[in-house]
Structures are given as structure tokens and as C-alpha cells.
Amino acid sequence: MKKIWAWGALLFGILYFTLPLVGMTNFSLKMRRGEYSFDAYAKVFGDPRFQETFTYSVTQALFTIVFGVLLVVPTAYWIRLKLPGLRPYVEFVTLLPLVIPAIVIVFGYIRLYNTSSWLPLTGSAFGTNILLMFGYATLALPYMYRAVDTGLRTIDVATLTEAAQSLGAGWATILARIILPNVLVAVLSGAFLTFAIVIGEFTMAALLNRPAFGPYMQLLGANRAYEPAALAVIAFGITWGCLGLIQLVSRFQKSAPPKA
Amino acid sequence: MSSAHISARSPARRLPLHWLGILPFAAFVALFLILPTVKIVVGAFQTPDGSFTLDNIRGLFTPSILAAYWISIKISIASALLGCLAGFAISAAVVFGGLPKGIRGPLLTFSGVASNFAGVPLAFAFLATLGPVGIVSVFLRSELGIDLRVLGFNILSFWGLTVTYLFFQIPLMILIITPALDGLKREWREAASILGATGFQYWRMVAFPILLPSILGTLALLFANAFGAVATAIALTGSSLSIVPILLFAQIRGDVLGNPHLGYALAFGMIVVTGVANAIYIWLRARSERWLK
Amino acid sequence: MSFLSLTNIKKSFGPVQVVHDFNMGIEKGEFVSFLGPSGCGKTTILRMIAGFETPSGGSIFIDGKDQGALKPNQRNIGMVFQAYALFPNMNVHDNVAFGLKVAGTSKTDIDIRVKQMLGLIKLEHLADRFPYQLSGGQQQRVALARALAVKPQVLLLDEPLSALDAKIRISLREEIRQIQQQLGITTVFVTHDQEEALSISDRIVVMNAGRADQIGTPFEIYNTPATRFVASFVGTLNIIEAKVADPAAGSITIGNQPVTLREPIAGLNGGDTISLALRPEAGSIAEGAKGDASISGEVVSTSFLGSVIRTRLRVGSDIISFDMFNNPGIIPPASGENVTLRFAAKDLLVIRE
Ligand SMILES: Nc1ncnc2c1ncn2[C@@H]1O[C@H](COP(=O)(O)OP(=O)(O)OP(=O)(O)O)[C@@H](O)[C@H]1O
Ligand SMILES: [Mg+2]
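Chains as they are written, first to last, in full-length UniProt numbering: chain A, 1 to 260; chain B, 1 to 293; chain C, 1 to 353.
Simulated from the structure, these hints should not be mistaken for lab results. Fair warning: this is a prediction, and the values are worked out from it, not measured in the lab. Built from N, CA and C at the ideal position, the CB exists for glycine as well. Among the hints, erroneous ones may be present.
A few chain C residues that face chain B, going by a derived Cβ cut-off under 8 Å, partial list only [unchecked claim]:
hint, residue
1, F52
2, T54
3, L70
4, I77
5, F81
6, A83
7, P88
8, F98
9, A103
So the derived list for chain A, only partly shown, Cβ under 8 Å to chain B, looks like this [what the hints assert, rightly or not]:
hint, residue
10, Y56
11, L112
12, F134
Bound conformation, chain A alone (with noise of 0.2 Å):
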């Protein structure tokens, strides 16, 4: 009876999620009439905005990343060891961005930081790419926060600190050497999921003019019938290899000894 039950709410759970990607996947191999072809894909690999604007979007991503690891990391280990009191507060503030809308924020750069402003980044286009930046680890920071967070709380770094002071170790080293190489899963798993947001993000390149996958694979939906859904199928691969890597990554860390 209860069995029963269960097993309904499975089921649905299955057919809801799968049936979505049945479809897209169905559809993105009819390109060529009455048969199965991987002519959509071709297509789209084809394409050279494909190309440029899936660079463009990686670059972005593997910046975002980079920054957001020098800014949180440092900051979430100087939280931890100097102001506890400012952790709920901090937390507070990281998690905002998932309660402001995206295009609030946005529409906030750009009316704040346009040709006529007093940081005119949106007037070049290496300006407005660093702006976008930082509206992706914006985006980002609730995950990475959290993760790296996460990832001090099982290492103590107090203890630690105070060992490498006493070697003469100075902040840089401490933080490179001894505090980056013991929360590397968490920065890891925080990157890859940076790496799935900003892949696909629309909204904020859209509105900034940037030539970023989203907006593009939003431009061939418009405009295409098959080839979106090639991108729909690229695009759940990448979310998936990205969550895959964190899987992997988490599961290293666990049969791996814990590094003192």
C-alpha cells in the first residue's frame, strides 16, 4: 500500500523528468526528413557564431571562477579565523543575489555604471566584459560562498594559521599553500557549478549586449526549429559533465586521506 504509493510518486518523478529530455533529444536528430541524423548538430557546430560566442562564454566562465575564488576564498577564511561575529551577517549578504532578481541587478549596473557615470564600464567592450564578470560571480556567490565555507568548517584554521605563522610563513603563503590545497574540493565543486551558471546565463549578457551563448542559443530558438534543440542537448551535457565533476571531485576527497 504504501509501497504503492512510493512507487507512484517515482514514476512520476521519471516520466516528468524524463519525457523533456526524450523530447529535445527526439527532436534534435530530425533534422533530415523521415529518418534519424546527427544533421542539427552538424549545423550547429558548424556554426562560427557557435563557436565564437561558446568561447566567449567559456573565457567569461573561467574568469568568473578565477575571481571569485581570489575573493572568497581569502575572505571566508579571514571571517572564519578573525571576525566570527560577521559570519551570519556575511552569509546574509552572499545569499541575497538569490532573492534579487538577476535583471534587477542588471538593469542596476547599467543605469549605474553607463558612459556618464563615474565608473564608466559599460562604455568599451573590455569594460563591459569585466562588468559581466562581476555580475556572473555575483550570480555565483551563493554556491561559492557556501561551499568554501563549508569546506573551512572540517579543517581547523586556527590551528593551522598559528602552524605556518610559527614557520614564518607570511598571509600569501598561508593562504596559497596551506589553506587553498585543504578546501581544493570545495573550491572545485564551487568552480564547476560557476561554470554551469555562467555557461548558459541569458539575462545579464542579453541586457549587456555581450556576445555569450545564452543570448545566442536564444537568437537560434527564435529563428531555427532543430537546431535549438542540439543546443538544448549540448547545454544539459555540459550541466551534467559540470555536476559530474563535482560528484567525482567530492568522492576523491573521501577515499583520499585527509591532508594535515
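Please build the complex by placing chains B and C with the ligands on the supplied structure of chain A, with the hints as guidance.
Okay, now just chains B and C with the ligands, sitting in the frame of chain A:
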């Protein structure tokens, strides 16, 4: 304040150095999260030349903008509630339902993926499934003679958007609620049962109140998640469905409302809605967890 | 038939049988402890009585009624868990009221009964506290009140004291016993602490690997252990390996020293090994100590335990402990010294394996 005054107390001299450590973070958050938001809020109450006005807010109260807010709120509430319900059912099925243990890991992994599979590609996936030539629509029409269109279902509608949003809402609920369900101790269920309670009474009087804070938090999160979703909506409906994020998107792109500061008001309205949702959540949570430390 | 009767109870988890043909009758108002090492099946039996586990065989009757078909919530049993298991979302009053509420008792009756129960555990002043605001001992008393509020036919306690610290453990076990006697409720108490079982039970069941090795009063269990397992688990009893010299005369040797038992040894031949038990308090090395038997050995160590001094003696390959009451004039023997321990031959018990 004189420097002699400060150096008289040595802890006060060390304090600023500590605070220096979070300066980069504080600056980043201020510049790219707080200030932009404040700019929107302030702009909503300003005329183009910078003086105070309530006209922008008043401008929101036209039937078409109100309708846009209303349908956005409806979609967000519906997809948050349904997401909670379905996610809870699936999670409970796996945790308590006596299903094979092997299902759990893959379910959580898949939920991680699906909760991040939002935006443009998600819209494509649902168009290929429930759109006019989608796999399910075609199957129902040709094999069972059921025409979704005739039944009033349209992917570019309230229900179409809600069903699509559920694809990331349900997994998010599963990810949050599964650990909470794990936290329900077996002894609580057994203690209730040996005291004469039925399964339903246990759920109503013990398990549900204990889970309520997590459920409320997830609801607030799912609401904000759906309310701010732009990409999925635009890729799915173009601009044929007038919901607030699409309206705001169009306004930012090309001032479709004919008043730049109405855009501020529109965005401010979004902050108010998600803010109210979170205030309700915090209030309910405070009421529901008096028993927590 | 006894008030609570367990007949041929068996339980297997998959291929592993954890309870073997367990038989026991518990009288109304009796306080019975299940004592045994970890994993011997105590909790499993308790959970079968409560209805959380279904026996693989056998039957359970309470007050003449077969419990086999009844769900836990139909059995009218009270249970106290090791980890308190108070409902964290309810205050003390509501926790105690829970069973009455689900039974549909009126609010005035509930309030009266809850007051009465909180009076019983002396926590009236904490009725509004939530579980997290209580100490472990207080939580467990509330759990007891909650279990008793519904006037159960049987009260089950699964190691209710093991999460508490030593002082509270002792005062609370006395409180439990006193409440139990006051209410006259039939009680099964699970523990792996022999002192706890000995001090508060009417009868004790010593369990070993899913079987009852011995069922008896604390006095019987301690003084006449039926098996070697019971002897070693229950007391600090000395287990002595001896050689049979002449079975008919009851004579044996302990480390080459001859000792004669009170009775002939049945079923063994000369040269066989035999296990004997000797309580530490049964012997003495004092001048002029009484006893019709004696052995001598070398003192290995002495330890001061407060009211008694325990001395360990090496006799052949055996170590024998004996206790003497502390008094300021006593001079404990030094290590290495040779002493003679006198005791009554009747105190030397032959035990089965
Ligand atoms: N649900 C179960 N599935 C499989 N084996 C179980 C289950 N419950 C108990 N066992 C096994 O049954 C045996 C008896 O367990 P039980 O919990 O009754 O021991 P116990 O005497 O209460 O021990 P402790 O003093 O540690 O509480 C143990 O070996 C245990 O591993
Ligand atoms: Mg046990």
C-alpha cells in the same frame, strides 16, 4: 578624532587591521550587489531630473502592468507550491517509501543537474515536448486522439510556464528537503506510534511541524527563483506572454513603456514582491520554530 | 499464564538469527531487567513486545490477549527510548499530553493528568520548556512521564539511563524503581550495566547471543550463576580453572593446591578441568579468618576502591581477587608477599560452560 585618542587603547588600534581583511569583499558586494539595487530603489522615486516623486510608482497601477505582476505572482506561487509538493512526495518516497536504496544517489545527482538546467535550453526541451509539434503533443494527438490545444493547454501560457518551471523547482525542493527528511528520527515516529498515534497523526503533529521551517524556506526560495526567471520565459514565449520579467527586459532594451523611470519602478516592484515573500517566510519561520535553539 | 508471556520467540534478520526460542513469563507489577552485552538481542525482544518488529516465530500475550495482529498504536504499551526521543517541537506539557490527545481525551482531563504526571517526576515547574532547554536527566524523566500518562499495561525501557552521567544515572534509576512500585506497573528494563540491573529488578534475564542464559532474582543471578557467561558478566566473580582429582570425594587442585568441595563432582573424571566461581567477598586473609578451605598465592596488586580494598592474588595460572572492607587500621598486603586466603568450601561454585 585625534590619533592620540586611538593609540591610547591598543585593541582599538588593532581592530581596523582586522576589518581591512574583508575590504575587497565589502567593496565588491557594495559596488556590484548593494549599490545597483539601491540605485533601482532610489530611481523608482525620482523624476528624470532627480527630484522626488511618487509618479513612477503610481505609473505601475495600470491594468496591463498590474496584470503582468499578477500573472507573474500566480506562476511563481503555483510553481513553488507544486514544486514543493512534488519534490516532497518524491523525496519522501525515496526516504521512507521502502524503495530500493540504490535509487537515492542517482536521484540526488540528477536533481543537482536538473535544478541547474534552467534558462534557454530548458525552454527548448519543453517546446520539443509539449509545444505544438512536441513529442508528447504529437503522441497524444495521433495515438490517443487527444488534442492539448483543444483542451486549452498552450505551452505559451500560465500552465505552460508553470509546468516548465517545475523542471528546476522540483529538484531544488528534493535537494533541500531530503536531508531534512533524513533528520526525522525513527524514535519520534515510534514514540508517537506506541503512544497510540496513527501515521497521519504523527505526520500532522510531529513530522510536519518539525519540517515546516525547511519547507517554508524552500517555498520562499522557489518563489524568488520563478519570479526572477527571465531566460526560460523569453525563450519559451518570446514576448507573447506579458509577465513582469519579460516586460522589464523589453523596457531595459527599448523603453517600451515610454518612460525610463517607470523601468525603475517596475524593477523596484520586483524587489518588493520577493522582499515581501521573504518577509512572510521569516515571520512564519519565527512562529514555527520557537522550539529551535 | 503470566501477565506478559513470551513463548518460543524467534527473530531473524535475513539469514542471521538474533533471538533463539526465547521463553519468559512476567507477572503483573513485576520489574524485570534484560541484561547482556551489546548485540545480544535485548532491544530486538523489546521491539517485538512493542510491535515494531514482527517475531519470526512464537507468540506474545499480554493479559491473555494475543498481540500478534496488533499494531504498536493498538497495544497500549509505554516505551522510553535511550535517546529520549521527546518531540522537539512540543514543550514538556504537550509532550506528556501527546498520547492523551491522540486518544481524544478532553482538554480538562488532559491537564489534570499531565499535572499529575509532572508531579510524579517533580518537574511541574518546567511544563513550558522545550526539550532543548532541559538536561538529559530531565528529558528522560519527561519521556517517562509521557510513556506513563496513557496508563499503559506494560512499560518498556531501552537503556534509558545510558546517555546520562554516573550520578544522575543512579538517582534516576532509583526514581524509576520507586515510581514503578508506586504505580504497580509491569516493567521490562533493558540494560548492559549489571549493577543497575541488580539494584532495581525483581528478576533479571541474563542474555547471551540471543538466548536467555539465566532468569532469576538478583540474588540468585549474583550468588549462583548458572553458566560461566553469567558468572563473568554479572559479577566481578573469580573464575578459577581447577583440575579434578577425585570426583567422588569432590577433591580438586587449584594450582597444585588441594581443595575439597562440599559435594561430589558428577559427570567428570580425574584429570578433567573444571570451572569454579568464587565471589571476591567470600574470602579473607585476616588472622584467624574462618573457613574450611584455603589456598595461598602471591599478591599481584592491591587497589583501593573506597569502601573496600581489592587484592589480586596469583595462584598457579589463575588470578583470584578478594575484597576486604576498608578501615583506617588495616594494612593492605604488599605486592610480592605470600598470603593464604581462607574461605568456605560451599562458596566455591561449580559452573557450566
Ligand atoms: N533491523 C535490523 N536489521 C539487521 N540486523 C539487525 C537489525 N536490528 C538489529 N540487528 C542485529 O541484531 C542483533 C541484536 O541487536 P539488538 O539491537 O537487539 O542488540 P542489543 O542487545 O540491544 O544491543 P545494545 O546493547 O548494543 O543495544 C545485532 O547483532 C544487530 O546487529
Ligand atoms: Mg539495544
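Going through the hints against the structure:
{"no.": "1", "hint": "F52", "result": "holds, 6 Å"}
{"no.": "2", "hint": "T54", "result": "violated, 14 Å"}
{"no.": "3", "hint": "L70", "result": "violated, 12 Å"}
{"no.": "4", "hint": "I77", "result": "holds, 6 Å"}
{"no.": "5", "hint": "F81", "result": "holds, 5 Å"}
{"no.": "6", "hint": "A83", "result": "holds, 6 Å"}
{"no.": "7", "hint": "P88", "result": "holds, 6 Å"}
{"no.": "8", "hint": "F98", "result": "holds, 6 Å"}
{"no.": "9", "hint": "A103", "result": "holds, 5 Å"}
{"no.": "10", "hint": "Y56", "result": "violated, 15 Å"}
{"no.": "11", "hint": "L112", "result": "holds, 5 Å"}
{"no.": "12", "hint": "F134", "result": "holds, 5 Å"}
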